[in-house]
Amino acid sequence: MRAMNIGKAAALALTVVWAAGCSTTKTTDSDSMGGDSAATTQGTTSTQVSGDSMSMSDVKNLATVFYFDFDKYQLKAEAVEALRGHAKYLVANPSAKVVLAGHADERGTREYNIALGERRAKAAARVLTVNGVSSSQIEVISYGEEKPAVIGHNESSWAQNRRTELTY
Amino acid sequence: MMQRSLVVLMLMLWTVIARAELTIEITQGVDEPTPVAVVPFAWDGAQALPEDVAQVVADDLHRSGLFSVMPRENMLSFPSDRNSLYFRDWRISGSEYVVIGRISTKEGGALEVSYELYDVLKEERLLGEVINANFSNLRAVGHYISDQVFEKLTGVRGAFSTRIVYVTAELLRPQVYRYKLTLADADGHNPRTILESREPILSPAWSRDGSKLAYVSFETGRPAIYVQYLATGKREKVQSFRGLNGAPSWSPDGNKLALVLSKDGNPEVYVLDLQQRRLSRVTHHFGIDTEPSWSPDGQSLIFTSDRGGQPQIYSIYLPTRDVTRLTYEGKYNARGRLTQDGRFLTMVHQVNGSFHIAVQDLRTGRLDLLTETYMDESPTIAPNGSIILYATQEGTRGVLAAVSLDGRVKFRLPSSEGDVREPAWSPFL
Numbered sequence: 001m002r003a004m005n006i007g008k009a010a011a012l013a014l015t016v017v018w019a020a021g022c023s024t025t026k027t028t029d030s031d032s033m034g035g036d037s038a039a040t041t042q043g044t045t046s047t048q049v050s051g052d053s054m055s056m057s058d059v060k061n062l063a064t065v066f067y068f069d070f071d072k073y074q075l076k077a078e079a080v081e082a083l084r085g086h087a088k089y090l091v092a093n094p095s096a097k098v099v100l101a102g103h104a105d106e107r108g109t110r111e112y113n114i115a116l117g118e119r120r121a122k123a124a125a126r127v128l129t130v131n132g133v134s135s136s137q138i139e140v141i142s143y144g145e146e147k148p149a150v151i152g153h154n155e156s157s158w159a160q161n162r163r164t165e166l167t168y
Numbered sequence: 001m002m003q004r005s006l007v008v009l010m011l012m013l014w015t016v017i018a019r020a021e022l023t024i025e026i027t028q029g030v031d032e033p034t035p036v037a038v039v040p041f042a043w044d045g046a047q048a049l050p051e052d053v054a055q056v057v058a059d060d061l062h063r064s065g066l067f068s069v070m071p072r073e074n075m076l077s078f079p080s081d082r083n084s085l086y087f088r089d090w091r092i093s094g095s096e097y098v099v100i101g102r103i104s105t106k107e108g109g110a111l112e113v114s115y116e117l118y119d120v121l122k123e124e125r126l127l128g129e130v131i132n133a134n135f136s137n138l139r140a141v142g143h144y145i146s147d148q149v150f151e152k153l154t155g156v157r158g159a160f161s162t163r164i165v166y167v168t169a170e171l172l173r174p175q176v177y178r179y180k181l182t183l184a185d186a187d188g189h190n191p192r193t194i195l196e197s198r199e200p201i202l203s204p205a206w207s208r209d210g211s212k213l214a215y216v217s218f219e220t221g222r223p224a225i226y227v228q229y230l231a232t233g234k235r236e237k238v239q240s241f242r243g244l245n246g247a248p249s250w251s252p253d254g255n256k257l258a259l260v261l262s263k264d265g266n267p268e269v270y271v272l273d274l275q276q277r278r279l280s281r282v283t284h285h286f287g288i289d290t291e292p293s294w295s296p297d298g299q300s301l302i303f304t305s306d307r308g309g310q311p312q313i314y315s316i317y318l319p320t321r322d323v324t325r326l327t328y329e330g331k332y333n334a335r336g337r338l339t340q341d342g343r344f345l346t347m348v349h350q351v352n353g354s355f356h357i358a359v360q361d362l363r364t365g366r367l368d369l370l371t372e373t374y375m376d377e378s379p380t381i382a383p384n385g386s387i388i389l390y391a392t393q394e395g396t397r398g399v400l401a402a403v404s405l406d407g408r409v410k411f412r413l414p415s416s417e418g419d420v421r422e423p424a425w426s427p428f429l
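Residue numbers (the working numbering), protein chains in the order written: chain A, 1 to 168; chain B, 1 to 429.
Everything labelled a hint here was simulated from the structure, so no lab data went into it. The reader is advised that the hints may include incorrect statements.
To be verified - Think about it this way: if two alpha-carbon atoms lie no more than 30 Å apart in a straight line, the pair counts; the simulated DSBU-like pairs of lysine-lysine are:
| # | chain 1 | residue 1 | chain 2 | residue 2 |
| --- | --- | --- | --- | --- |
| 1 | A | K72 | B | K234 |
| 2 | A | K97 | B | K263 |
| 3 | A | K147 | B | K106 |
| 4 | B | K122 | A | K147 |
| 5 | B | K237 | A | K97 |
| 6 | A | K147 | B | K263 |
| 7 | B | K237 | A | K147 |
What the hints assert, rightly or not - Each pair of labels, with its calculated beta carbon distance range:
| # | chain 1 | residue 1 | chain 2 | residue 2 | range |
| --- | --- | --- | --- | --- | --- |
| 8 | A | H153 | B | T34 | 30 to 40 Å |
| 9 | A | K60 | B | G210 | 47 to 57 Å |
| 10 | A | H153 | B | Q275 | 40 to 50 Å |
Said to hold, decoys possible - Sample of chain A residues facing chain B (criterion: CB under 10 Å; computed from the structure):
| # | residue |
| --- | --- |
| 11 | D71 |
| 12 | E106 |
| 13 | G108 |
| 14 | T109 |
| 15 | Y112 |
| 16 | I114 |
| 17 | E118 |
| 18 | K122 |
| 19 | V140 |
| 20 | Y143 |
| 21 | G152 |
| 22 | H153 |
Ideal Cβ placement from N, Cα and C applies to all residues, glycine included.
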């Protein structure tokens, strides 16, 4: 009983932390389209945030690759959902670390795509940090179009290459 | 977490000659190229020469697209001096100009190359020179002769003696690449690998004196900007902040590098003073600001920004930091480069979903599409402003192609191995 109360308190505390993160996102980061999008999406599903820690086996079922539209760095709703799952695990396991690698498809210029890839990785990083993950647990890197997941010159290949990959 | 990759640096540039050479294929020329004959040079030695100098000259002139070069099998004779040159024969065969020459041995294994350029119609000698040479520099001598002939006949300084660098990526097995930074003559010959890595190499940029390169390498697992001296192979890491370190561009005075860092949160353009090691931030915007390039007077930087919602090219005047948008046509204009006179802006331009090289006349605002190949990117302008080299796709491979600034001359430099990209043309050397 007592343990459950502690769990509830932790859940409440986390939600407060998250809400604080969200509101700062709104004010200071209106500059980041990725951040805006993530914050909005979280707003609609905030009730699902809980203090229950995830095990590594639970985390294994979560998506680790998140896809984007051409020349965009807004995360899709399902990506935000999965990232919140990763956030829970990372909050519960402060020694765990992730690398978020942002990628672009081959269209457009290489340096612009590196910048775009970083935006995509940072959009994912923001979901983690607003859900309580310490920034010291996250490393962001962008490869732009230099490391395609799929080699091909068509929309289905491009769609698989516009991504952020999360690895522990 | 980040894997340290193996980097092999070639300290002696000339020790490693890559097997793959680029060869030139002309895909489109001018409507009325000037007919020229380059007669095989006479040679008084016993052993065969390692290079056919006249062929080097003929190929250079042909590749410029401005000349049609007479095939050797159509020549009635191979004159090597004024006395054996019968203008009437060359007039009948349609040549307006003829280049003749001879190579002779000197003491101590040295060579002497003489060439002359004649106007066939006026029966007049336009050029003549004797050049000290040796067995190992005959291609360079050929390019030098091409430069002289080209300048005499077009009024434009030749760029045949310049060099290019480019990056190749070879897929070794799924997700594992071998990246190489390669230095070659402007015609693709004499390729020398100057850096090899398992991690991406990109954005090579020449200093204005042609003595060093700046580029981005991921060899430590993270992107960093390096400067490499071409004569010695010595190099130094000049910038490696957390986040992006990209798109280096040398100032005209050679003392500064414009570059892109995201250490303050998002990609911004900075200028690094290489002597004082002082970094100053140039752009202040929450959007992406990248791909800086200097104006020829060093007073402005042009750069790509998505601050308007889509990537477009802007100019920032450094003394006042006033920003001007330069491109308006189309939804995607990026990686701008200015010609040496500052008048023309080349860029990657998206039209109907595909990417091409376009040029904008900054005086009139007129934008012209120069290429119609596939996935065209990384335009780099020859130092004489005549030709733009760029990267494109042929089948599933990246290759280099070139187009004249007026769009009339097009040629391709196919490579026999790997995916070729990111060309950068040297200044006059």
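Hints the structure fails to honour
Checked against the structure, the hints that fail are numbers 1, 3, 4, while the rest are satisfied.
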